[in-house]
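With chain L fixed as given, assemble chain V onto it according to the hints.
Each chain, written out:
There are 2 protein chains.
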Amino acid sequence: MANGPRNRLQTDERRAQLIALGVRLFSHHPYEQVSIEDISEQAGISRGLLYHYFGNKRGFYVACIKEAAAELASFVRPRPETEKAEVVGQAVQRYLDWVEARADAYLALMHGGMGHDPEVSAIIEQTRAQIIQQINDRIGLDAPRPVFDMALRAWIGGVEAAAERWLATRAPAREVLANLLGATLRAHILAAIALDPDAPIQL
Amino acid sequence: MANGPRNRLQTDERRAQLIALGVRLFSHHPYEQVSIEDISEQAGISRGLLYHYFGNKRGFYVACIKEAAAELASFVRPRPETEKAEVVGQAVQRYLDWVEARADAYLALMHGGMGHDPEVSAIIEQTRAQIIQQINDRIGLDAPRPVFDMALRAWIGGVEAAAERWLATRAPAREVLANLLGATLRAHILAAIALDPDAPIQL
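Note that the protein sequences, when read in sequence, are chains L and V.
In terms of this note's numbering, the first sequence opens at residue 390 and continues consecutively.
In terms of this note's numbering, the second sequence opens at residue 390 and continues consecutively.
Watch out, some of these pointers could steer you wrong.
Claimed, not checked - In silico DSS-like cross-links for lysine-lysine, where the CA-CA straight-line distance does not exceed 30 Å:
#	chain 1	residue 1	chain 2	residue 2
1	V	LYS446	L	LYS446
2	L	LYS455	V	LYS446
3	V	LYS473	V	LYS455
4	L	LYS455	L	LYS473
5	V	LYS455	L	LYS446
Note that these hints are calculated values from the structure, not bench results.
Just chain L, same shape as in the assembly (with noise of 0.2 Å):
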């Protein structure tokens, strides 16, 4: 019975509660002010249960991570019955929702932790280019464009100042958050086209 399904789930469980409280504990504090120790004890369980299944306090971080970014994505990709039109609307309705809902996993995935670390990069950046693919899809852009590319990452880097900003100041409302993003968003694309006009998009 020890390795059986039973056993399976709670150790699934048990990780996934573990990932919560890293999650949690890495939006409000810099990383090295996390100890194993700390994490250990809030969790009611040994360092070495943490080792196992963890490797080290990095290895931790990094699934606390890759945890929140992979909620997020999951969050904002386009359900199968969305009208075209409405793609990237939704999109940025849905990024907030999940921003206010999730606020520390989102902390943490932007800027929380251990700063700059190439792993770290690499699941934040992977979360940009899947929002990045989910707009060139939606304006019919195959290829890759220089211009467009540098235009959506600003947007994003917009929606990401915009969504940290608002979760301490809450101002102005919801909506009027997203019309912005969605108007910049918007903004961003004609800019784009106007300094790339020969860009084959289908808008």
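Here is chain V on its own, set in the frame of chain L:
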């Protein structure tokens, strides 16, 4: 002579050299991977002297971040002789000038080092607030308004994301990037006006 002006000058110079070294190290490595031993070895000074100047590793890191932020802020500040209509375009150009010339410092400032840290966040936040203030001065907005604040923060977030991406890709050409960021600033201001039409601005 030990505390005379010449000695003081040498102290300042050595401190500046140490900060330049720190900016370089922290822009390429996570905070926790940069040790006081590395720094003192590369600087050719004793660890004791490093502690004497900066207290501890965190003190040294914060001094490096402060230096980078101060340099960037002074670089983008409008020159007194600048025509009003050119203030923002010139600031974007100068921001990119600084990013290009001081790529290491820019990366250290934006996401090097220790991740979420209140003191470091405050330094970066102050730089952003100065840029927002310059734009508010330009559009004649005396008192803050949430929609404009959010729009300008989104724009700056976009500038930061674009500048960082551009350091990696160098595409599109610098002038195209500057034009793109100038266009998106106008677009953010127009989007804010549309959502907050009563704002007393003077374009």
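Status of the hints after comparison with the structure:
A threshold of 30 Å between alpha carbons decides the hint, and for V:LYS446 with L:LYS446 the separation of about 20 Å falls inside it, so the pair holds. Proximity of L:LYS455 to V:LYS446 is assessed by CA-CA distance (about 29 Å); at most 30 Å being required, the pair is judged to hold. Between V:LYS473 and V:LYS455 the CA atoms are separated by roughly 29 Å; this keeps the pair inside 30 Å, and the hint holds. Straight-line distance between C-alpha atoms of L:LYS455 and L:LYS473 comes to about 29 Å, which keeps the hinted pair within the 30 Å bound.
Taking the CA atoms of V:LYS455 and L:LYS446, the gap is about 29 Å. The hint holds against a cut of 30 Å.
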